[in-house]
Structures are given as C-alpha cells and as structure tokens.
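> Chain S: place on chain C using the hints.
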Amino acid sequence: MSHAAASRVQDFIGDPVSEKPPVARAKLEEIFQDIQQDLRFDHELNGCLNCGICTATCPAAHYYDFSPREIVQLLWTENLEGIYDAMQEKIWSCAQCYTCAARCPFGNSPGGLVMLMREVAIKHQMQSAKDVLRPFSRVMLKLISTGNQLAPDMITPDHFADWGPNISKVDAPLKVLRKAIPMATLNTTATAWEVNLKTSVELYTIWEMTGVLSQLEGIDENLFDVITDIMDEKREDWKDFIEDQDNDD
Amino acid sequence: MATKNGNGDLVQAGQRFTGHGPEWKDANLSPREASIATAWVEQKIDKRSMLTNKDRVEDVRDAMWQLEKDGEILVHRVADVHQPVEAKTLYGWTKRIPTTQLWHHKSCGQCGNIPGYPVSLLWLMNKMGISYLDETDQTSCTAWNYHGSGIGNIESLAAVFLRNFHQAYVSAKAQGLPAGHFYPLVHCGTSFGNYKEVRGYLIHSAKLRESVKKILGKLGRLVDGKLLIPEEVVHYSEWVHVMRSRIKNYQEIDVSGVRATIHPACHVYKMVPEDVIYDDEVLDGNRVAVSTGVIQALGAQVIDYKTWYDCCGFGFRHIISEREFTRSFAIDRKIKVAVEEAKADVMIGHDTGCITTLDKNQWIGKAAGKGYELPVMADCQFAALACGAHPYKIVQTHWHASPIEQLMEKIGIDWRAKKAEFEAYLKEVEAGRQDQLYDPRLRITGGPGFKPIKREVIPPPPAQA
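Chains as they are written, first to last, in this note's numbering: chain C, 1 to 249; chain S, 1001 to 1465.
Bound conformation, chain C alone (with noise of 0.2 Å):
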C-alpha cells in the first residue's frame, strides 16, 4: 500500500478509489463530539460485552443490515469512522421500539442512541439524512404548524393505497362522519382535533428557543419557508385577539 493511500484510511473516511471527496478527521471528531455532548449519551451507554442479546431481539435486525450491538460497539470503542458510516443509512433503520434496551443486561439504550445520531445526522445536514427524511415531510408540517403529527386528511386511498379499500367502512364524506364524532373536539379534518390558537403560538416560541426551526431550516430549506409563513400568520391571529381583548377592556 502507497503512503498516501495509509494516510487516506487514517486520516480520512471513504472510498479510496471514488470521486468523492474524504470526509477529514477533524470532521469526525466533531460528529463525535456532539453525539457525546448529549446529556443522554451517559446514561444509555454504560459498557458493552458484544452479548447480542439487542440484535438477537430487534425487529429492524430482521430485514435490514442493521445491528444495535454494531451502534453500541462503534460508540463504546470510538470508532469514528465507522460511526460516520452507519450515520449514513444504518441509524434509519431502527424502529425506535427499544426493546435492546428493555433487555440489555448492561441498561445501555441502543434505541436511545440512535436517536442522538439521528440528530447529530441532522445538525450536520447530512444528505442521508435529507434523503431519507424527504417522504416523512408531511408529518413534519403538520407537526410543527399544528402541534398535531397526524390528521384525518392525511389517510386517504391515494397515500396509503396498500391499507386497501376499508380505511373507512362507511361511505360519507369525511368531514360528515369527523362531525358524527361525539368528543367536540374531533369534529376536525385538518387537524387530529382542534387546537387552540394560544397552544399553536406557545408551542413556536417552543420551537425556536430549543433549535428546532434551524434544525427543519438546515434539512429541508422549502419546508421550513411554508411553516415559517403559517407561523407568522398564526401569530399575526394571537395579536389580532389581544389588541381586541385590550379595546374591549
């Protein structure tokens, strides 16, 4: 092996042989870095004897190529290469049940630690990370301009065609059969119920103060804009409703 191809491995993750350029050491050190940062990561890593007793139990394990002792033992042994590696698609496969955790006898979150990946993935706007996100946008806007993460007009035939043809067994228009819902606060459809303004502007202020709009920002630019523009008219609503509340007082 060359010298420069020994210094590539060392200080570079990558195909050696790909066009693509290396991702450096100080880059990984950092990815690292903010996954350790977390207040979590110490409390769901605590030692690892590669028992498998989480691989042995994970239903991701099943069908994709993807192990929870591989993510403890990459984090365990810093294995920063290989960290970056499984970033890139493997911490997507896990289904966030947390049954590694539930039985790892060492109380390590293999589950836990994959979401603090998936952030880091994100905070670094890795384009997995984009990619695979993409279809998930729905659940985000509706998320994070309404507070609620599903709604009655997102199950329609078209989006969920393999649910097949009884996503609802009578026939009426929607809108008829959320008002034959007797709790009032369902008889809503684009919205799982109905949310009162105040929650909607208390959970922005929410949003911005914890990094979650840059986080959206940095994953998914247009997404961002359509909910920065629901946002601000929902806002402009609330001050409408306080300016009246004060002329009336």
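Hints were generated in silico from the structure; no laboratory data involved. It is possible that some hints are incorrect.
Derived pair list, reagent style DSSO-like, types lysine-lysine, alpha-carbon separation capped at 27 Å [to be verified]:
hint, chain 1, residue 1, chain 2, residue 2
1, C, K169, C, K179
2, C, K169, S, K1336
3, S, K1410, S, K1306
4, C, K169, S, K1069
5, C, K179, S, K1127
6, C, K239, S, K1248
7, S, K1214, C, K239
8, S, K1451, C, K175
9, C, K179, S, K1418
10, C, K234, S, K1218
11, S, K1213, C, K239
12, S, K1127, S, K1306
13, S, K1218, S, K1069
14, S, K1419, S, K1248
15, S, K1451, C, K179
16, S, K1214, C, K234
17, C, K169, S, K1427
18, C, K239, S, K1218
19, S, K1343, S, K1427
20, S, K1127, S, K1069
21, S, K1218, S, K1173
22, S, K1214, C, K123
23, S, K1370, C, K169
24, C, K234, S, K1370
25, S, K1427, S, K1248
26, C, K123, S, K1218
27, C, K123, S, K1213
28, S, K1336, C, K175
29, S, K1069, S, K1213
30, S, K1451, S, K1218
31, C, K179, S, K1370
32, S, K1207, C, K175
33, C, K27, C, K130
Frame of chain C, contents of chain S only:
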C-alpha cells in the same frame, strides 16, 4: 454416509446439524440436564426477570421529592380528590392511579385515525360518572415525529411535556375551580413512555431544568417561579386496569367465547419499565398487567402466543415512508402467529401506533398469499362493546380496516342493523343535530372562543341509538 463431528465421532448423514466449528464438542447431556442448562434462557425470554435482573435501578420519584424539598420544583400531586387506586409496578413499588377529575391528554394518531379509541374511553367514564375535561389547549407530545425523524431534541420534548402538564394543572380555572383539580391522563403509549423518560432526565439534570425553565418562564407556565412536575405519569390503560372490576359491573354482552391475544406496546412497558404495572393475578405477574387484566375481568379468554414480546412494526418513520418493513413485520411476526398459533378472534392493544399498524396492514398480505384476517382494537373499545356501546356511533368501528364485523357476530351484535342506524344518524349530523359526550363549550379554556362556564354536573350518558 457417515462423517466425523468436532469430537472426531462418526455422525450419520441427516442425524444432526454438524455445522459447528472444529472446536465444537458434544456435551452429551441427558434431557433433564439439557433442560436445566437452558432453563435460564426460558426465564430470560419469558419472565419479567429479563427486566428485573439489572443494577442501577432507582425510583426517580425519590429524587423528585427531594428536589421539591430543596425548592427546585413543584410536584403536581395525585390527591385524595382524584380518588387514586394503588397498583404495583415491576419492582413492587406503588403507583397511585387517579380515577376521577381527569384531564384527557389526547393522542394525535388515535384522534386522527382511530377516533373510537378515545370516544370509547370517555363513554366508559360517562357510564361510571367520572369527571373529566377534554380541551383544545394541548399539543401532541411530538415524540412520534421525533422518533421518526430526529427533528426535536431533549429540550423541546421536555418543554412540550411541561407545557401540556402545566395546562392540565391550571385548566380547571376556566370553570372557576382551583389549580390541580384535574390530573392528566395520557392516551398515547409513545407519549407515556416519552414523558416518563423526559421526566427522568429533568429530575437528573440541573442543566436541562435550567434551560427548560427559561422557556416555560417565557410562556408563563411556571408555578411560583418553579417547574411543575407530575407525581405520576399515568396512561389511560392503567386507569382501565384499576377500574376493570367496576367496568365489569356495566357489562351487557357475554364475551366468554372470545379468544383474545394481547399486544403489549413497546413504549408502554419497555420504556422506563420500572414504572409499569405488573399484577400477580394477571399471568402470574410475568407480563405487563394492563389490557390483559381488563380482558380477563370481562371474561374473555386471553391466549398466549410466542411473539407476544415483539413490537408491531410501526417504526415511526417506517409506517409513513418504508411500509414494506412495517407490513412484513406486522403480518409475519404478529398477525400470522395470532391467527395460526393462538386461533385468536381478536388482537387487543393499548397504543396508537400498534393498533394502526396491526389493523391497517392485513389487506396487503393477500399480495403475498398471506390473507390473514384478525380484528384489531384497543382494550377500551373492546370493553365499551362488552358494556353495550354502539359499535359505530361510539366505538367507531368503521375506521378499522380489519374485520371487526367477525368479532361482532361472534358476540351477538347485529352489526348490519347497527350500521344502518349509524347511517341514518349521519343524516341527522348533516342537518346539524349531533350528539356529544360532554358540554362542547367546556373544550375551550382560554384564547379565542373562550367563555367562562361553570360545570356543575356531569352530563348523563348519551342515549343509545
């Protein structure tokens, strides 16, 4: 033809598996010895010792009380007015489950997709004269999106948790009642697991408390300048569990012929497992007690099956954008086993994502020659049906893709007649005449549309159509 195994012994072809490495040696155990040698595996897999044989387990509530004593936080107590019933958790610790004056913390997946789930719960509460509030000032826990996408973080999850629970604490003021009157009852299993996990981190991390306090302060959601943390995070299935004997008092339909399988939800009992209810009278205390307890109390047969421990395949992200995984897992590991092995008439769950996954992912199995048909519903929906709830108006079974009609026929419900009644009722709804389980004005406790209303009596149960 004979070959040599790792011991150098001759083994006849087809006699046994010989694919071990050369270091392998046959232990030559007798059947009894083999049983002893592998008993631990069975214990580990099938018993709750899998969860209890661990070090470093603590009751986070001890640290919580200390923080309150130190003046750091305020604890929203389960008070006598909430008429708590005690239950035992995994380690035998006591958990106090409030049974009345409940603030319904709804589930977006249930309300959006399985509305009969929360409606059945409220209907049961009306039957029993339980006081509650269902209001608009709440967000979802945001954890489905978080687990699916990674958008969010521990601070946002904690702030959402404390904001919603603070609203539960102050909500009764809109009715002229004191703070703390209503106690939050969490409908979604993921919310339940997520909130408990977040509560643990809030109690352990001064840094997290400090950052979240700034947010809650800005929202005006501190109490006496302090973060408000609930004494217990309570899942609706826990309420159903401790009320199961009382629910049985209202039973109208015999369900003893029903073979029911239970799907325990991962986020209900695998996240923060030390807080989960186990009961020695329910499957010898070896499984989480909720759901199984109420189904047994109603007289149905609870049938065990080998993949009870598996998740449903929901996957958070997968149910939206990688459903090949979701449906394969749901069919092969859950539905198929429940049908073929347990000969089940129904699968009962206690969480949003599981019910959705198991209910909606059966039809597509036909494409792979796996046309299994198994009714899927929540424990409270089954209980409501057994107590005579209308299968469409209340249990809202028409939103279920699985063949609930099979189950209704088995327990003697004329679903065709009930469906016709409901279709007639839809005409009434179109004309603006709809029934409600409670006074709809109570749903708004502040902001646009709010008018102070004093609630003095619980409305009677709705008339049966």
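> Okay, which hints does this one fail, numbers in order?
4, 6, 12, 19, 20, 24, 25, 28, 31 and 32
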